[in-house]
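Chemist: Knowing the structure of chain A, use the given hints to seat chains B and C on it.
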Amino acid sequence: MAARVIDAGGLGELMALLADEGYRVIGPRLREGAIVYDAVAAPDDLPRGWTDRQAPARYSVERREDDACFGFNVGQHSWKQFLHPPVERLWSAERGEHCVRLAAGEDRPEKYAFIGVRACEIAAIEVQDRVFRDGPFTDVAYARRREQAFIVAVNCGQAASTCFCVSMETGPKVESGYDLALTELISGGRHEFLIEPGSQAGGALLARLSSREADGADLEAADAALANAVAQMGRQLDTDGIKELLQSNADHPRWDDVAGRCLTCGNCTMVCPTCFCTTVQDHSDLEGARAERVRSWDSCFTLDFSYIHGGSVRQTNKARYRQWMTHKLASWIDQFGTSGCVGCGRCITWCPVGIDITEEAAAIRAAPGEGGTNGRA
Amino acid sequence: MEGLERIVKEHPFFAGFAPAHADLVAGCARNHRFDAGSYLFHEGEAANEFFLIRHGRVALEIVQPGKPPIVFETLGPGEIVGASWLVPPYRWMFDARAMEMTRAIGIDAACLRGKCDADHDLGYEMMQRFLPVMVKRLHATRLQILDVYGKR
Amino acid sequence: MTIDPFLPALYRVDGARRELSDTVTLTIAPMAGARPAFQPGQFNMLYAFGVGEVAISMSGDVEAGGFVHTVRDVGAVSRAIAAMEVGATIGVRGPFGTGWPVKEAEGGDVLVIAGGLGLAPLRPAIYHLLANRGRYGRVTILFGTRNPADMLYRHEIEDWRRRLDLDIDVTVDHADQDWRGNVGVVPNLVPKAAFDPEETVAMVCGPEVMMRFTVAALAEAGVPADRIHLSMERNMKCAIGLCGHCQFGPTFVCKDGPVMRYDRIAGIFATREI
Numbered sequence: 002m003a004a005r006v007i008d009a010g011g012l013g014e015l016m017a018l019l020a021d022e023g024y025r026v027i028g029p030r031l032r033e034g035a036i037v038y039d040a041v042a043a044p045d046d047l048p049r050g051w052t053d054r055q056a057p058a059r060y061s062v063e064r065r066e067d068d069a070c071f072g073f074n075v076g077q078h079s080w081k082q083f084l085h086p087p088v089e090r091l092w093s094a095e096r097g098e099h100c101v102r103l104a105a106g107e108d109r110p111e112k113y114a115f116i117g118v119r120a121c122e123i124a125a126i127e128v129q130d131r132v133f134r135d136g137p138f139t140d141v142a143y144a145r146r147r148e149q150a151f152i153v154a155v156n157c158g159q160a161a162s163t164c165f166c167v168s169m170e171t172g173p174k175v176e177s178g179y180d181l182a183l184t185e186l187i188s189g190g191r192h193e194f195l196i197e198p199g200s201q202a203g204g205a206l207l208a209r210l211s212s213r214e215a216d217g218a219d220l221e222a223a224d225a226a227l228a229n230a231v232a233q234m235g236r237q238l239d240t241d242g243i244k245e246l247l248q249s250n251a252d253h254p255r256w257d258d259v260a261g262r263c264l265t266c267g268n269c270t271m272v273c274p275t276c277f278c279t280t281v282q283d284h285s286d287l288e289g290a291r292a293e294r295v296r297s298w299d300s301c302f303t304l305d306f307s308y309i310h311g312g313s314v315r316q317t318n319k320a321r322y323r324q325w326m327t328h329k330l331a332s333w334i335d336q337f338g339t340s341g342c343v344g345c346g347r348c349i350t351w352c353p354v355g356i357d358i359t360e361e362a363a364a365i366r367a368a369p370g371e372g373g374t375n376g377r378a
Numbered sequence: 547m548e549g550l551e552r553i554v555k556e557h558p559f560f561a562g563f564a565p566a567h568a569d570l571v572a573g574c575a576r577n578h579r580f581d582a583g584s585y586l587f588h589e590g591e592a593a594n595e596f597f598l599i600r601h602g603r604v605a606l607e608i609v610q611p612g613k614p615p616i617v618f619e620t621l622g623p624g625e626i627v628g629a630s631w632l633v634p635p636y637r638w639m640f641d642a643r644a645m646e647m648t649r650a651i652g653i654d655a656a657c658l659r660g661k662c663d664a665d666h667d668l669g670y671e672m673m674q675r676f677l678p679v680m681v682k683r684l685h686a687t688r689l690q691i692l693d694v695y696g697k698r
Numbered sequence: 013m014t015i016d017p018f019l020p021a022l023y024r025v026d027g028a029r030r031e032l033s034d035t036v037t038l039t040i041a042p043m044a045g046a047r048p049a050f051q052p053g054q055f056n057m058l059y060a061f062g063v064g065e066v067a068i069s070m071s072g073d074v075e076a077g078g079f080v081h082t083v084r085d086v087g088a089v090s091r092a093i094a095a096m097e098v099g100a101t102i103g104v105r106g107p108f109g110t111g112w113p114v115k116e117a118e119g120g121d122v123l124v125i126a127g128g129l130g131l132a133p134l135r136p137a138i139y140h141l142l143a144n145r146g147r148y149g150r151v152t153i154l155f156g157t158r159n160p161a162d163m164l165y166r167h168e169i170e171d172w173r174r175r176l177d178l179d180i181d182v183t184v185d186h187a188d189q190d191w192r193g194n195v196g197v198v199p200n201l202v203p204k205a206a207f208d209p210e211e212t213v214a215m216v217c218g219p220e221v222m223m224r225f226t227v228a229a230l231a232e233a234g235v236p237a238d239r240i241h242l243s244m245e246r247n248m249k250c251a252i253g254l255c256g257h258c259q260f261g262p263t264f265v266c267k268d269g270p271v272m273r274y275d276r277i278a279g280i281f282a283t284r285e286i
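Residue numbers (the numbering used here), protein chains in the order written: chain A, 2 to 378; chain B, 547 to 698; chain C, 13 to 286.
Excised from the complex, chain A in its bound form:
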């Protein structure tokens, strides 16, 4: 089905139709000075006329000159909090006099519709698909939520200074993995959205919206918006041979340098849309009759993440930062066949001391081989 064009009214129709179909509609909202993802019902719930300004350790929102619905990039939230919830009960158990009964986890059959998913975010979701759904073991709950999710993507018309999706080949254009893709066309007097179906479900929904056919000018305007995003791309990361580069520089002095700055606060892992580490806690009631196992987000930056036999394998800041960055850019490729980084820049923006993953990678690349593979003193 070919591309169509809708206006803000059409966007409202889309959101209402999704709600009618039983989806929990989630989209960007402005809340307490940041653009977060939460329930939205209509286009006016979106951060219309707002944009974000991002830099290492800096995030703020400011008014745009126009009324764009999606005129910003990404905030500290990602869609992973819905597909891979921060806290989830895996199972509960009851101990009777002679037996123990187990019941599988909470049934949260959430049907989510995500409005405004960026190309880098689709890439991130697909990265997590490889972890949770496509490996030798499947997180059944994740697979269910994923299968039911309806994705309305948005092509970015601008880039933040911390964005580098072009380097990671994940954007700014959404190529696949969506049900519908919007490109906001806002200039002069007009405010419309190019809307393209990416799946049967998307096409079916599009057919129910009031829309007009897209013409050459619309397509050109959409291309121009994307070109603007590319031109503004704030940073870049050279991924050529990055796996070998990082894996053969485990003792590079740069790791000591970043260790002097890193607080191991773990912000980066919380905001990163692909970080997936979790921990489990077993709880029981005071009588010991009921027990449950709860899984929650964890971070490789915590001191006891790698605890065995009375101590942690990775005690120093250096070891923990190195683990995170090497995993993200290098080990991930061995483990899952893709990079773990999608170039969204969140880790740069939300690091309280402004550590920039692109800068760290460049520093090691600039002077490789200053530390060998072996941990020689």
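Just so you know, not all the hints are guaranteed correct.
One-sided excerpt, in silico: chain B residues whose CB lies under 8 Å from chain C [said to hold, decoys possible]: (1) 612; (2) 615; (3) 616; (4) 617; (5) 641; (6) 645; (7) 647; (8) 689; (9) 692; (10) 695; (11) 696.
Below, computed lysine-lysine pairings styled on DSS-like, alpha-carbon distance capped at 27 Å [stated by the list, open to error]: (12) B:555 - C:204; (13) B:697 - B:613; (14) B:682 - C:204; (15) C:267 - A:244; (16) A:244 - A:319.
Keep in mind that the hints were calculated from the coordinates and are not lab data.
Ideal placement from N, C-alpha and C gives every residue a C-beta, glycine not left out.
Modeler: Chains B and C only, in chain A's frame:
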């Protein structure tokens, strides 16, 4: 003495030794037989000889007051017992007990030290063989101290 | 895979045998059905109600009816499991992980090298080697432990020693005068063992320090790096590659291990804090 020369030359410790040097060493050597349970030497005694074990097993022990001695190493055929003869004040720092009937060649320390002083090449050859053995033992001792099988 | 891999199956403790002051061997059987097959070297996640889970290798025969696990009390969960009595209920997820290369080792000599509790994950491999003795050349077991009183499976070791088709050498870190065996470290047993380094597969399990220096001794003896196999250990939570905790360089110990071929991990094995 010919039997001893042959025995010295064939002992693994002296593999690759120049025949002339082996003769010099053999000149300081004599045969020993230790019955099971008997001691080759005690801590504090003058380190007059060091031993090349030919057959049997020797336990190196340290005594403590009020408790039985602790064995910290056992050595078998082909191995060397004793390095204290090389280092002043030339006194043994532990006990060495034959765990079973043990035959060994004892090399007179003063005799060999004298010959090494006179012939530095011989001295160097001896050091070259002794040092790796000592380093390996030191390394093993460090591993034992770590108590890797203990609970953390 | 339709079974929820997060959900434990319920097993019953059929046997509990005290091995050492802090170590117990449990024999467990499923409450319903038969237990799944496993390979020597694999592990289960054992669950103590309300306390938690811990990764414990199988230490019994692959042919036996239930699972056998030797557990040392080193923390809250292992303490709870080691304290279980016959009739207790225990949760089991597994088997997980990679096994010892008993097939690959056929046709050549085998060196089984264990340190301390490391003998437990190797015991199923030893049983396999002995049950299929004709397929292997010279089989040698080298075992090191703290002292004679802390020797795991002592009676079995004595049985193995009595066999004519098996070489076994044992050493302790220190001993009293009643001990008639070796005193010294495991790596030093390697040069004394009889095996053809070019036709040998070595399986090593024990504290990481012990494995590190044993590997060095094996290399010095001429065993190629791709014929040395170690059993690695890291923090484990999910055991199915989804929680990230057990990462060891680019590998997950729960699914790329615990048994790993040394040449594949040599670089990270020597790197500190990885």
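Chemist: Among all the numbered hints in the text so far, which are the ones the structure does not match?
Modeler: 1, 5, 7
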